[in-house]
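Chemist: So the protein sequences, as listed, match chains Y and L. Using our numbering, you'd call the opening residue of the first sequence number 762 and step up by one each time. Using our numbering, you'd call the opening residue of the second sequence number 4 and step up by one each time.
Since no wrong hints were added, every one of them can be taken at face value.
In silico SDA-like links for lysine to any residue, alpha-carbon gap of 20 Å or less: (1) Y/Lys780 - L/Ser56; (2) L/Lys35 - Y/Gln776; (3) L/Lys35 - Y/Pro767; (4) Y/Lys780 - L/Ser58; (5) Y/Lys780 - L/Leu36; (6) Y/Lys780 - L/Gly84; (7) Y/Lys780 - L/Cys22; (8) L/Lys35 - Y/Leu779; (9) L/Lys35 - Y/Asp764; (10) L/Lys35 - Y/Glu781; (11) L/Lys15 - Y/Glu785; (12) L/Lys35 - Y/Arg791; (13) L/Lys35 - Y/Glu785; (14) Y/Lys780 - L/Glu37; (15) Y/Lys780 - L/Pro23; (16) L/Lys15 - Y/Leu770; (17) L/Lys35 - Y/Glu768.
If you're looking for bench data, these hints aren't it; they were derived computationally from the structure.
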Amino acid sequence: MIDFTPEQLQRYSRQIILKEIGIEGQAKLRRARVLIAGAGGLGSPAALYLAAAGVGAIDIVDSDVVEVSNLQRQIAHGTSDIGRAKAQSAAEAMLAVNPEIKVRPLQTRLRADNIMELVRGMDFVLDGTDNFPAKFLLNDACVLAGTPLSHGGVLGFAGQAMTILPGRSACYRCVFRRPPPPGAVSTCSEAGILGAVAGLLGTIQAAEAVKCITGAGVLLTDVLLRFDALTMDFRRIPLARQEDCPLCGKAPAITAPVDIPWPACPGAEQCP
Amino acid sequence: MNGGGRRPDAEKNLVGTGCPMNLVYAKFELAKLEQGQILRLIIDDGAPVDNVSRSLAGEGHLIMDREQLADGTWMLLVRKG
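Working from the sequences, and respecting the hints, build out all of it.
Modeler: Here's what the structure looks like:
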């Protein structure tokens, strides 16, 4: 269990010397299984940092292929990856950083009929998706499965993140009961997104994953962290698990994942 | 002076191993021990012995003994916290 080669000790030395990580934390990272949903703006930095940190097994799921407009922020992909499956491209970038971990690229959409299988057996799930149906699907599945989840989202210069420990801390539905009406909230292709802002948020999510796996520090539980990169203002909005939450409350109405109908927007092929 | 006569449960020679790998190896050896067991380290004078002993103490391990050897290196006896 505690057996690392000299090369591994060198590779992870800068986090092993952290009191909060140590050899024991590194062993936990090696044993951990993480699902990264989305290999885009959030999933890219998260995937690279979790691979670098030595998470032993990472599943990365994304149904899309790389497009030139992705390259402004989706740093797991390069110009030569245009046209390739994002999950595969990201997996290769992760293995280039750290060939010792296991990466499973999954080119599929998240749906009610596959989400529980994707989440099953994971120690942590990271929401790097770019649409509300997927965010609710991930939250619902993780709460039902009892799997810790980092929720995250970015738009423009702003980002938000919260970490969900099912049954213990507020879940996404405790805060947001249902998705907003389609079209009420812009997408990144409509309103824009700064690459570094996506990087900021995805990296926060990766740090939460490492902290949860190793037990280091205090997670973003019962808090919504929001930032505005235009001012670099960070604020924490306190949350609490709600007794009347339709998913994790006293009398849950939601007992299985559901696909939320979402109309394709005009020019949907351009949506990330 | 010598940890009450108790033999160490493990030993690691860190002479020539600079920072931070000397601390990494010390932590690696400690991780393989049970709480209360004793690790004997041989370590270079200067920043290495100072940094490693301070870091290990800061993580809750006890530096039971610290003795300079004839060649200028140091012997540390560390009890796992």
